[in-house]
Amino acid sequence: MSLQSPAPHPNPLPASGAREFPENGPRAFPLPVGRGEGQGEGQATATRASARPVWGVLTGPYALFLLCLLIVPFANVALYSVHPYSPTHIVLPEFTWDNYRKILDLYYLRLFARTLQLGLVTTIICALLGYPLAYWLARARPRMQTIGLFLVIMPLMVSTVIRIFGWIVILGRKGLINEALIGLGLAPLKLLYTETAVVIGLVNIFMPFMVLPLMSAIERIPPSLEEAARNLGANWLQMFRRTILPLSLPGLISGSLLVYSVSISAFVTPALMGSPRERMAGQQIYDEVLVSFNWPSASSLALTLVLFTLLLMFAALFATRRAGRIEPGSRETSP
Amino acid sequence: MSGRAPWLLQPFIVAVYIGLLAPLVVVVAVSFGPDPNFAFPPSGLTLHWFAAFFASPTFVAAFFRVSLVVGLMAAGIATVLGTAAAIGLVRFRFAGREVLETFFLAPLLVPQILLGAALYLFYARIAVGASIWTLLLGHLVICTPYVVRCVTAGLVGMDARLEEAAMSLGATRVQAFFKVTLPLLRSSLLSGAIFAFIISFSDINLALFLSGPQSTSLPVHLFSQIQWQGDPTIAAASTLQILIIGMLILIVQRIFRLRLMV
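Protein sequences, first through last, are from chains U and Z.
Residues in the first sequence are numbered consecutively from 1, following our numbering.
Residues in the second sequence are numbered consecutively from 336, following our numbering.
Careful, some of the hints might be misleading.
As the list claims (entries may be wrong) - Straight-line C-alpha distance at most 20 Å; calculated DMTMM-like pairs for lysine to aspartate or glutamate: (1) K190/U / E278/U; (2) K174/U / D494/Z; (3) K514/Z / E499/Z; (4) K174/U / E499/Z; (5) K514/Z / D494/Z; (6) K190/U / E179/U.
What the hints contain is simulated information worked out from the structure, not anything from laboratory work.
Nothing here was measured: the structure is a model prediction, and the numbers come from that model.
All chains, full assembly: derive it from the sequences and hints.
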């Protein structure tokens with residue numbers, strides 16, 4: 001089993017990454033960066049005459065789709081967030097900033113503090129456990145790498161619910177660990193429905209988001225650098241600290257930001273493994289939308305969280321772009 | 336290994352893999368065990384819970400009538416939408432192309448639970464009730480970026496001069512696309528479609544908000560069953576999902592680049 005595909009890839013990708021489009025195509029003149037979601041009409045003048053707005057016909061449907069089902073829904077959320085809540089009408093047609101002011105209440109401050117803290121702990125553990133794995137994968141023989149990669153990505157693709165279910169079986173009151181403890185004559189522990197359980201679940205679920213960008217970053221560091229450092233008398237730790245770690249820093253940063261931003265909006269993990277008293281922001285939003293129907297409040301929370309996450313994501317994008325690549329995981333290793 | 340890393344590395348890697356895979360292994364093992372209390376390791380071997388799964392109308396409906404159907408439709412539509420978008424992005428130069436490219440991958444940057452909430456509130460605003468179709472539209476938002484990514488990578492890896500050669504030999508742009516480009520893109524198209532299916536099939540965050548009582552997807556049904564502490568039928572259904580997804584990922588790994596996933 002190999003990563004080599006048959007006909008369709010005569011040339012392996014250049015190291016610059018998949019989304020770095022080759023500049024060999026006929027490019028007209030320095031083009032101004034325009035609006036994002038153009039439908040094609042009216043912008044043809046800015047394009048080469050021969051290209052005509054064919055690109056508009058091709059990209060238009062998806063752009064329109066995203067406009068309707070991504071931009072408009074979030075605009076709707078923004079709209080809800082500045083209206084007062086009413087138990088009878090859900091939303092009143094008045095304007096208010098109260099939903100945002102309320103975020104500064106002690107309850108919500110605690111909620112956000114707990115969410116951000118759990119996210120941070122998850123990220124740090126993911127980095128500590130994921131770094132060695134990423135290093136090993138990056139330096140493994142192609143065959144081992146293929147198998148290793150499969151074993152990292154396969155759990156990522158299985159539904160979160162199923163992985164959390166597995167942890168419930170392991171950590172539960174009559175779970176694998178407690179049965180073992182009882183078998184050893186020890187008292188069972190309360191493992192499930194604690195913050196520790198939530199962190200275990202989050203680390204398990206989001207580990208691949210740390211490993212894959214890191215692995216790509218480490219792969220681009222030539223092994224000869226390591227050998228040179230060793231030959232010059234550095235021990236393994238010195239070599240690691242002076243060469244691998246600094247050179248893989250962009251991967252570490254983008255992996256960390258990815259893990260952090262997905263953990264702080266987690267819902268399923270804290271809902272199934274956490275204590276009902278120590279909830280995370282995602283649970284609060286879910287309840288306010290579907291249980292208490294306080295849509296204005298849910299909207300202000302969701303918008304705050306989404307803007308914060310986008311900020312982190314663009315920081316991650318920027319970190320990888322600075323390292324010469326746009327996205328983690330898109331590079332093909334030369335065989 | 337060329338790195339000659341310290342001897343501690345290998346056992347550490349094994350431990351991390353055990354942690355990564357433990358929940359899946361346990362779920363699969365429990366689904367074959369006779370104990371309704373999820374005893375692990377199982378004390379015997381039985382297919383009882385699989386029989387129970389196929390005998391349960393709610394599980395069968397969630398699996399076959401909702402998750403599978405929505406997943407296949409999402410994969411098909413996302414492949415068409417995403418392929419067109421990717422070709423537009425890669426083969427044409429126009430003002431704002433990079434902005435459009437970022438916009439096309441934007442659904443991957445938005446936390447899914449918040450996207451689900453936003454779509455729910457949007458459907459509520461325009462008074463559309465939850466059904467298979469609301470779920471499908473939601474899944475298309477998160478599936479299509481994967482197709483865009485796969486096809487973009489395939490197009491970039493492909494020599495654009497092949498198309499130009501076809502056209503200089505008299506083919507129209509459309510003919511060149513269907514006769515030259517599309518066959519060469521086969522494996523990236525298939526990978527994109529498979530990713531799209533998997534994303535839809537295993538999604539829970541959007542489905543929690545967008546599934547109605549008549550359109551409960553498998554993960555959502557599993558979610559409520561876990562909350563109500565159901566029997567190992569949950570594990571049997573999970574094992575089936577793990578099996579399907581595992582096989583699909585093997586296919587992608589054989590034909591294309593798995594790493595486009597993250």
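- Task: Taking the numbered hints from earlier one at a time, note which ones the structure violates and give those numbers from smallest to largest.
- Result: Those not satisfied are hints 2 and 4.
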